[in-house]
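Throw the hints in and build the complete structure from the sequences for me.
When you line the sequence shown up against the working numbering, it's residues 11 to 248, in that order.
These are computed hints drawn from the structure, not numbers from a lab.
A quick note: this is a predicted structure, and the numbers were derived from the prediction, not measured.
C-beta: ideal position from N, C-alpha, C; glycine also.
Computed beta-carbon distance windows for the label pairs:
id	residue 1	residue 2	range
1	D23	R76	15 to 23 Å
2	A120	P29	20 to 28 Å
3	Q26	R99	40 to 48 Å
4	R207	A227	19 to 27 Å
5	V109	R46	16 to 24 Å
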Amino acid sequence: MNRNVADQLVVFDAVQSCPYLPGRTARLPLRWPRKRLTPAQLDDCLAAGDRRTGFYLYNTSCPKCRACEPIRLDVARFEPRRTQRRIMRRGDREIRVEVGEPVVDETRVAIFNKHRNLRRLAGTDGDIDIGEYRSFLVDTACETIELTYWVGSRMLGAAICDRGATSLSAVYCFFDPDFSAFSPGTFSVLKQVELCRQWELEYLYLGYYVADSEHMAYKANYRPHQRLVNGKWQWFNS
11 MNRNVADQLV VFDAVQSCPY LPGRTARLPL RWPRKRLTPA QLDDCLAAGD
61 RRTGFYLYNT SCPKCRACEP IRLDVARFEP RRTQRRIMRR GDREIRVEVG
111 EPVVDETRVA IFNKHRNLRR LAGTDGDIDI GEYRSFLVDT ACETIELTYW
161 VGSRMLGAAI CDRGATSLSA VYCFFDPDFS AFSPGTFSVL KQVELCRQWE
211 LEYLYLGYYV ADSEHMAYKA NYRPHQRLVN GKWQWFNS
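Here you go:
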């Protein structure tokens with residue numbers, strides 16, 4: 011795989027506290043692509059385990075840990091479980107989905123902060139502002155889309171995704187916890203699978219699977235899936 015590393019500048023590379031597992035040490039070098047990634051280049055980066063935050067790409071390079079495993083769905087082979095099908099049916103009846111370019115506004119920032127705080131995702135960080143939201147989710151090095159979810163006139167949440175030539179990458183999803191009964195996180199993944207099929211894309215990348223993380227282990231519920239282990243994509247069905 012050619013990730014065009016020569017065209018990427020490392021802008022940060024230091025050992026830090028792990029954002030996924032308390033008490034562990036992480037190393038996540040940030041790379042800045044000098045040019046906007048083409049869809050094919052994004053595919054290569056995703057297949058190599060890269061993730062994106064703002065304008066930057068990163069991959070794990072932790073000194074003593076390999077807990078983070080990139081995970082993806084082959085959308086042609088993915089089969090939703092009974093509970094997932096039930097969530098999809100209810101969501102299709104009651105939730106309106108809109109697809110467009112990422113937007114920055116007070117509504118999105120407020121839902122983002124509410125989601126992060128009530129689900130204990132913020133750690134010691136405070137609320138983010140509009141500028142921080144833009145730099146995290148809207149500033150981008152590739153083609154990026156936003157899925158928004160609505161119940162009537164009220165926004166339930168949003169998902170930010172990157173689009174490659176043959177893949178879609180789930181960058182971040184957030185929702186108003188007042189709507190938790192809809193299982194919006196699961197509904198969002200299933201709608202992204204549906205979008206991949208509509209656009210004839212092969213893979214949906216879900217980020218990192220971390221078995222011991224309460225916020226990352228759920229991704230194994232989507233089966234069958236592949237995880238990047240020791241440099242090779244391997245199938246998992248249980």
